[in-house]
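Please arrange chains B and C on chain A, whose structure you already have, making use of the hints.
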Amino acid sequence: MKALKQSQMKKLEIIVQGEYQEFVVDLLDRAGVSGWTLVHNLSGKGSHGSHEGHLMFNADDVLVMIITAVPEDLAGPILEGLTPFFNKHMGVVFTSDISVTRLGKFQQPAPGQ
Amino acid sequence: MKALKQSQMKKLEIIVQGEYQEFVVDLLDRAGVSGWTLVHNLSGKGSHGSHEGHLMFNADDVLVMIITAVPEDLAGPILEGLTPFFNKHMGVVFTSDISVTRLGKFQQPAPGQ
Amino acid sequence: MKALKQSQMKKLEIIVQGEYQEFVVDLLDRAGVSGWTLVHNLSGKGSHGSHEGHLMFNADDVLVMIITAVPEDLAGPILEGLTPFFNKHMGVVFTSDISVTRLGKFQQPAPGQ
Numbered sequence: 000m001k002a003l004k005q006s007q008m009k010k011l012e013i014i015v016q017g018e019y020q021e022f023v024v025d026l027l028d029r030a031g032v033s034g035w036t037l038v039h040n041l042s043g044k045g046s047h048g049s050h051e052g053h054l055m056f057n058a059d060d061v062l063v064m065i066i067t068a069v070p071e072d073l074a075g076p077i078l079e080g081l082t083p084f085f086n087k088h089m090g091v092v093f094t095s096d097i098s099v100t101r102l103g104k105f106q107q108p109a110p111g112q
Numbered sequence: 000m001k002a003l004k005q006s007q008m009k010k011l012e013i014i015v016q017g018e019y020q021e022f023v024v025d026l027l028d029r030a031g032v033s034g035w036t037l038v039h040n041l042s043g044k045g046s047h048g049s050h051e052g053h054l055m056f057n058a059d060d061v062l063v064m065i066i067t068a069v070p071e072d073l074a075g076p077i078l079e080g081l082t083p084f085f086n087k088h089m090g091v092v093f094t095s096d097i098s099v100t101r102l103g104k105f106q107q108p109a110p111g112q
Numbered sequence: 000m001k002a003l004k005q006s007q008m009k010k011l012e013i014i015v016q017g018e019y020q021e022f023v024v025d026l027l028d029r030a031g032v033s034g035w036t037l038v039h040n041l042s043g044k045g046s047h048g049s050h051e052g053h054l055m056f057n058a059d060d061v062l063v064m065i066i067t068a069v070p071e072d073l074a075g076p077i078l079e080g081l082t083p084f085f086n087k088h089m090g091v092v093f094t095s096d097i098s099v100t101r102l103g104k105f106q107q108p109a110p111g112q
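Line by line, the protein sequences are chains A, B and C.
Residue 106 in numbering that gives the first Met the number 0 sits at position 107 of the first sequence, with consecutive numbering throughout.
Residue 30 in numbering that gives the first Met the number 0 sits at position 31 of the second sequence, with consecutive numbering throughout.
Residue 86 in numbering that gives the first Met the number 0 sits at position 87 of the third sequence, with consecutive numbering throughout.
Among the clues, some could well be false.
[What the hints assert, rightly or not] Within a straight-line C-alpha distance of at most 25 angstroms, the following computed DMTMM-like cross-link-like pairs (lysine to aspartate or glutamate) qualify:
1. A:4 x A:79
2. C:4 x B:25
3. B:10 x C:25
4. C:4 x A:28
5. A:10 x B:79
6. A:4 x B:96
7. C:4 x B:96
8. C:10 x B:79
9. A:10 x C:12
10. A:4 x C:71
11. B:10 x A:79
12. A:87 x C:79
13. C:44 x C:71
14. C:44 x A:28
15. B:44 x C:25
16. B:4 x B:79
17. C:4 x C:79
18. B:10 x C:79
19. C:10 x A:12
20. C:10 x A:18
21. B:87 x A:12
22. B:44 x C:79
23. A:44 x B:71
24. B:87 x C:18
25. A:10 x C:79
None of these hints come from the bench; they were simulated from the model.
If we strip away everything but chain A, and leave its shape as in the complex, we get (with noise of 0.2 angstroms):
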């Protein structure tokens, strides 16, 4: 049996409208993190307008969170990643500082850190 491991990593909760979840998991993806969540059918209200989650035959304009916690080195660059996406849609990024309690599913930190 293997312990559990904790590594300090960021998360990034990435909150979009639900027809562009398919690109920020690819642009995860191309960028090496191997887990991620999806919390579906959210609302919300920014600066472009309402969105309201419970239109389940409009489901375009439901949001999506994707949740991920990556080593901190590949926080950077996934936010530069989605700057050209959120010039042109709505959407923000909350970064957070966690530990995580893992068994190999998230990529391994770099040494040192």
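Just chains B and C, lined up with the frame of chain A:
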């Protein structure tokens, strides 16, 4: 193309019964909060009993989480504004430090923050 | 009217397959955790493969996130209690520092915390 900006802010996660969603959102609006995200259909257990989110025919018992990011000097007044509510109703607020990457979606932090 | 209290606590976000929701909640209950919130119908991708939350007819593959706030000295024992589970099952735990505003909904921190 604008560059993404990182701002240090306070993330508030406000969990209340769904029927009080509008009360909280109105309070945030009046406090000058320009963006928030709603997670619907949560279940929870607190000291006031258990609440099961999947009973969609009993929507009053469903919990919601209202996520927002505010400048640090706005967090205290919002929490104080919620005090009378939490004296009467079930719920909890989690406050944490985050960086927000955005394009003018959230209120500007006051100078010096 | 009671004043709101702020407590420094550890937030745990435990993401597991929906069929193990009760196992985790039972473990939290036995650890003395008095409050938690469940986010249902998550999707995710981890090293064990992809899990798509919107296939409601295949509910066993849906993920849930159990959010709780615990005193710091309780976080370690809970994570250790989850170790055998995570040796066998997909999932992850995010741990972060938060302030909790509450009215006696969560277990009191031990003196000196």
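Hints and how they fare:
| no. | hint | result |
| --- | --- | --- |
| 1 | A:4 x A:79 | violated, 29 angstroms |
| 2 | C:4 x B:25 | holds, 23 angstroms |
| 3 | B:10 x C:25 | violated, 29 angstroms |
| 4 | C:4 x A:28 | violated, 42 angstroms |
| 5 | A:10 x B:79 | violated, 28 angstroms |
| 6 | A:4 x B:96 | holds, 24 angstroms |
| 7 | C:4 x B:96 | holds, 18 angstroms |
| 8 | C:10 x B:79 | holds, 22 angstroms |
| 9 | A:10 x C:12 | holds, 12 angstroms |
| 10 | A:4 x C:71 | holds, 17 angstroms |
| 11 | B:10 x A:79 | holds, 22 angstroms |
| 12 | A:87 x C:79 | violated, 44 angstroms |
| 13 | C:44 x C:71 | violated, 29 angstroms |
| 14 | C:44 x A:28 | holds, 10 angstroms |
| 15 | B:44 x C:25 | holds, 12 angstroms |
| 16 | B:4 x B:79 | violated, 29 angstroms |
| 17 | C:4 x C:79 | violated, 29 angstroms |
| 18 | B:10 x C:79 | violated, 28 angstroms |
| 19 | C:10 x A:12 | holds, 16 angstroms |
| 20 | C:10 x A:18 | violated, 30 angstroms |
| 21 | B:87 x A:12 | violated, 31 angstroms |
| 22 | B:44 x C:79 | holds, 23 angstroms |
| 23 | A:44 x B:71 | holds, 20 angstroms |
| 24 | B:87 x C:18 | violated, 34 angstroms |
| 25 | A:10 x C:79 | holds, 22 angstroms |
Going through the hint list in order, the structure does not satisfy hints 1, 3, 4, 5, 12, 13, 16, 17, 18, 20, 21, 24.
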